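*Asks:* Modelling step: build the complete structure from the supplied sequences, incorporating the hints.
Using the working numbering, you'd call the opening residue of the sequence shown number 67 and step up by one each time.
In the DSS-like style, the derived pairs of lysine-lysine whose C-alpha atoms are separated by at most 25 Å in a straight line are:
| no. | residue 1 | residue 2 |
| --- | --- | --- |
| 1 | 271 | 202 |
| 2 | 172 | 202 |
| 3 | 247 | 180 |
| 4 | 194 | 182 |
| 5 | 194 | 180 |
| 6 | 194 | 247 |
| 7 | 172 | 84 |
| 8 | 247 | 202 |
| 9 | 172 | 271 |
| 10 | 192 | 247 |
| 11 | 84 | 271 |
| 12 | 84 | 99 |
| 13 | 99 | 76 |
| 14 | 76 | 172 |
| 15 | 271 | 76 |
| 16 | 202 | 192 |
| 17 | 271 | 99 |
| 18 | 180 | 192 |
| 19 | 76 | 180 |
| 20 | 182 | 192 |
| 21 | 247 | 182 |
No wet-lab data here; the hints were simulated from the structure. Remember, it's a predicted structure, so these values are computed and weren't measured experimentally.
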Amino acid sequence: MPLFDILTLKTNLFATPKVAPALQDWLADGDAKGTLLGAWAPDIGTLNDIILLRQFETADDLIAERQRTHLSDNPFGCMEHLRGWTSDTYLPLDFTLPVTPGEYGKVYEIRTYKPKLNGMAPTIEKWKAAVPDRTKYSDLSIAMYSLDGPTRFTQIWPYDSANHRAETRATTVADGVWPPKGGPDWLSADMTSTLAVPLPFSPLK
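*Replies:* Listed below in structure tokens is the structure:
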């Protein structure tokens with residue numbers, strides 16, 4: 067089972083165009099580990115961030131990439147434009163794999179829940195039952211749960227626009243397809259949602 071990493075770069079004001087070229091070089095370096103799947107800039111949510119989704123085939127590769135970053139004298143090749151960063155490790159729900167690069171939407175929703183303390187396993191089972199019907203309405207890029215930090219359940223959904231997202235969610239609710247039946251019973255009220263635009267070098271567009 068591959069591991070996934072969500073890397074969030076906290077950039078200076080309006081620094082994304084300056085960060086992007088150096089970040090691409092960093093990711094393409096011969097010592098780099100992992101495969102870039104997505105790169106986004108939030109349009110609604112926490113602004114002045116860059117969010118990356120990467121896949122690692124082994125834990126050793128993920129650790130090596132973390133070491134490369136933390137021991138670098140110029141992390142991501144653009145330290146002068148950064149205020150900091152966070153890295154979070156996730157295990158994917160196997161029924162949402164593989165993550166296939168391509169053009170799926172102009173806006174991606176990155177949505178994170180914090181399940182109840184005993185809620186992760188039931189949440190996964192509810193999703194496994196409901197996702198096949200839900201994805202008839204719109205694509206799902208990936209769903210996964212955190213292995214470090216607070217327990218989190220994160221999903222990434224592409225849409226044509228913010229309006230398309232709202233319309234799709236309303237339709238799935240009206241049709242009784244979404245949310246998964248009984249799924250919200252296992253979630254806390256602690257939820258976040260970011261609408262982000264793919265950067266030009268993002269494999270998921």
